[in-house]
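Colleague: This is what each chain is made of:
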Amino acid sequence: MTRHLSILLFALLALDLRGEEAQLNITLVHDGEPLEYAVASLTPLDFPVPTKSAAEAVIAQENKEYDPYVTVVMVGTEASFPNRDNVQHHLYSVSKPKRFEKPLYASGTSETVLFDQPGVVTLGCNIHDWMVAYVLVVPTPWFAKTGPDGLAMVKGMPPGRYELEIWHPRIRQPIKQEITLVSGPNSAEEMRLNLKRDRRIRRAPVGRSGGY
Amino acid sequence: MAGLFRIHRFRTRLLLIILGLLIAALSTSYLLVTRANRDNATSHIEESLNNAMRVFWFSVELRQERLAQSAQVVSADWPIRTLYLQPDFDRDTLRSTLYSYADRLQVPVVATFETDGEMLATTMRSLTDELCGPFRYLITRADEDGTDYATDFAYLKGDLHVLVVVPVYAPRPNIILWFAVAFPIDDTFATELKRSTQAEVTFISGIEATEQRVLGTTLPMLDAQSIADQTPSQKYMGMTAIHDESYVTRVTPLGLLGDDPARIVLQRSLTAELAPARELENDMRLISLAALMLATIAAIAIARGVSKPVQQLAAHTELVAQGDYETRLIPNRSDEFGQLAESFNRMSDGLAERDQVRDLLDKNVSPEIAAQLMRDGATLGGEEREVTILFADLRGFTSLSENLPPRELIELLNDYLERMSSEIERHGGVIDKFIGDAIMAVFGAPLKQEGDADHALQSALAMERALAKLNVELEAAGRPKLSIGIGINTARVIAGNIGSHRRLNYSVIGDGVNVAARLEALTRTPDYHTNILVSAATLKAAQGKYATLDLGRVTVKGRQEPVAIFSLENQSSQS
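These protein sequence lines map, in sequence, to chains H and C. If you count by the working numbering, then the first sequence holds residues 1 to 212, one letter each, in order. If you count by the working numbering, then the second sequence holds residues 1 to 575, one letter each, in order.
Rather than coming from a laboratory, the hints here were simulated on the basis of the structure. Errors might be hidden in some of the hints.
[Unchecked claim] The calculated label-pair distances, taken between Cβ atoms and stated as ranges, are:
{"#": "1", "chain 1": "H", "residue 1": "S107", "chain 2": "C", "residue 2": "D77", "range": "22 to 28 Å"}
{"#": "2", "chain 1": "H", "residue 1": "R161", "chain 2": "C", "residue 2": "T115", "range": "30 to 36 Å"}
{"#": "3", "chain 1": "H", "residue 1": "R161", "chain 2": "C", "residue 2": "E114", "range": "34 to 40 Å"}
{"#": "4", "chain 1": "C", "residue 1": "D145", "chain 2": "H", "residue 2": "R99", "range": "27 to 33 Å"}
{"#": "5", "chain 1": "H", "residue 1": "N86", "chain 2": "C", "residue 2": "Q86", "range": "30 to 36 Å"}
{"#": "6", "chain 1": "C", "residue 1": "P261", "chain 2": "H", "residue 2": "V87", "range": "51 to 57 Å"}
{"#": "7", "chain 1": "C", "residue 1": "Q86", "chain 2": "H", "residue 2": "L104", "range": "14 to 20 Å"}
{"#": "8", "chain 1": "H", "residue 1": "N86", "chain 2": "C", "residue 2": "Q198", "range": "53 to 59 Å"}
{"#": "9", "chain 1": "H", "residue 1": "V87", "chain 2": "C", "residue 2": "S126", "range": "42 to 48 Å"}
Even glycine gets a Cβ: it sits at the ideal position worked out from N, Cα and C.
Just chain H, same shape as in the assembly (with noise of 0.2 Å):
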């Protein structure tokens, strides 16, 4: 049941490092195996978080999954749900930090949900048992998730002391640390995890499965 994740942190050359920002690249394997889809947050412990309005967050409905599986965003950002399949779907989450509904809304139009609270926001539809997304709603504007390849590349913020964060779909209890990153490169200590085990559907219908 215990689940080894060993993370592995590496510092790497940026080759295009900008004045004094710092970055912090991660690559989490679990089981030895690159990790995906595995966020890493970096809130500021000496100074105040820009109310820096992010980028607009768009999680599609297509091919009856939502894409992406996971989605990072700073609170306060408005995310959209366009519909591109030719049936219905029906929004919905009763997670705390957002809980919502979008009843059957039909195929081309868009709905938008304003995520004002942190933590993490699961997403459902009442049409197929098998859809579902993350939204990881975190309290500032450095985050990065990992790819196929089980690297997260963290940039743009200075030099100083942070709190790192990182999250799964499928972890027991985020793993938070302190973590001090100077200019250039950074690397960070090597840390366990606990997963839970994969819950997920097996996509009933024919069709292909899911692509998280």
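Since chain H is already given, all that's left is putting chain C on it; use the hints.
Modeller: Chain C in isolation, oriented as in the chain H frame:
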């Protein structure tokens, strides 16, 4: 003791032996068959109880899976999520929803739990949050194992249930609630199990003998309680009695979540299982009885077949023992008894022949000699002993033979010899031989008797009297009278079997014999006027008083020494 029960009749003994063997064989095979039947039935029931146990597990698993699937379906139902979207959670409405689900799933107990295990709502009003430990245990298990459901046996308010918990996703894999259902293991469940297994089913809780509780059963409650009290709480396979019926009983403990253990007791009646075998056994008893009766009849017939000829033989033996050698067994059989009858007949022939020989012997020799011959055998040789010899001769026989036809002559002679012989034998004399009309008799051989000389003398006198009597008869018949001459002498002679190996006589020889013969011849001397002449030696040997007359001494032919002779007279005729 043994003597008391000794059976004397062969027929009875044979009958008892045959019946005894048959009874032993039949009862042994009967016992073997009944035991085999019982063993078969028992192992058959044990097998069927093992199957029933598998059916039980299969049925439980099937229900668990079915319920888990159904619970998954209803847990994904819209109303739960919709209720959850509301800022204030409406437990009453949730409970109402659960009643609908209970109805859809056909289970009495439905409940929902928070992810932290707190009970939100249930259809079982008496089920408080404190009593939901087993549900919480299963929730933790399903959560940790990441399985789609968790299930187990547990007590809910003292009643045994099978619990199933499934997560409520919003969406999957995000668990917002736990959905739980429970179905009771009760009389209804037991009855359903019985329907598919034909076994009596009882569920029992408790370890201690005092707290055995029947949770559900197909038996009458009292019987079930008695089973609960007498069956062990661990795994068991054996016999249990309900009233007078034997049941093969299997006990299997059920794993439970904490609390008291429970066990399932499966039973099938051995008595009922044996019913067809009992019919067979009854048939077998009837067949055995018939076989016994037939065997009795056969044994009697055989015994009679054996004992009847044996009895005939015995009766015949009795006849033979009594001297009947004439009756013959009729050998009407070709078996051993026929052979025996033939042998027996041959034996009778042999006995008859022997008897004839003996008879002839008796007639040809005196009975004493015959007896001595039979006893000592006919061997040559002799012994010297003192005997008294008597010679008797019929006088005037020659002239008589001229006047009478031979047949009448022989008749007369035989009559005479018969009367004389009987007088001699009556006095203990032994007829040594007949020499024509003469008789030679010996007193004192082969058996020495006291007073042999007296016997000889008395015999002579009796012969004279007997002749007188014969003469009266002859006179009456118009025949001429007969007269006799008797000479008696006592001397030491040689007595024994004399002759060849092929033919021999018991006789006496010696000088004394000649003297007796001479004395007999001398009776013809007219001057003596006597019929009986006795030597002095005889008178000396005799002890009785006799009327005698000394006739002086005479010289006997062939003997140098003269012999003193006396005439012997009948006192009766003298007086």
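Colleague: State for each hint whether it applies.
Modeller: Hint check:
1. H/S107 <-> C/D77: 22 to 28 Å: Distance hint for H/S107, C/D77 holds at roughly 25 Å.
2. H/R161 <-> C/T115: 30 to 36 Å: Hint holds: Cβ distance 35 Å, inside 30 to 36 Å.
3. H/R161 <-> C/E114: 34 to 40 Å: Check passed, 38 Å falls within 34 to 40 Å.
4. C/D145 <-> H/R99: 27 to 33 Å: holds (29 Å)
5. H/N86 <-> C/Q86: 30 to 36 Å: Roughly 31 Å apart at Cβ, these two residues keep to the hinted range, so it holds.
6. C/P261 <-> H/V87: 51 to 57 Å: With Cβ atoms ~53 Å apart, the hint holds.
7. C/Q86 <-> H/L104: 14 to 20 Å: Roughly 19 Å apart at Cβ, these two residues keep to the hinted range, so it holds.
8. H/N86 <-> C/Q198: 53 to 59 Å: holds (58 Å)
9. H/V87 <-> C/S126: 42 to 48 Å: At 45 Å between Cβs, range holds.
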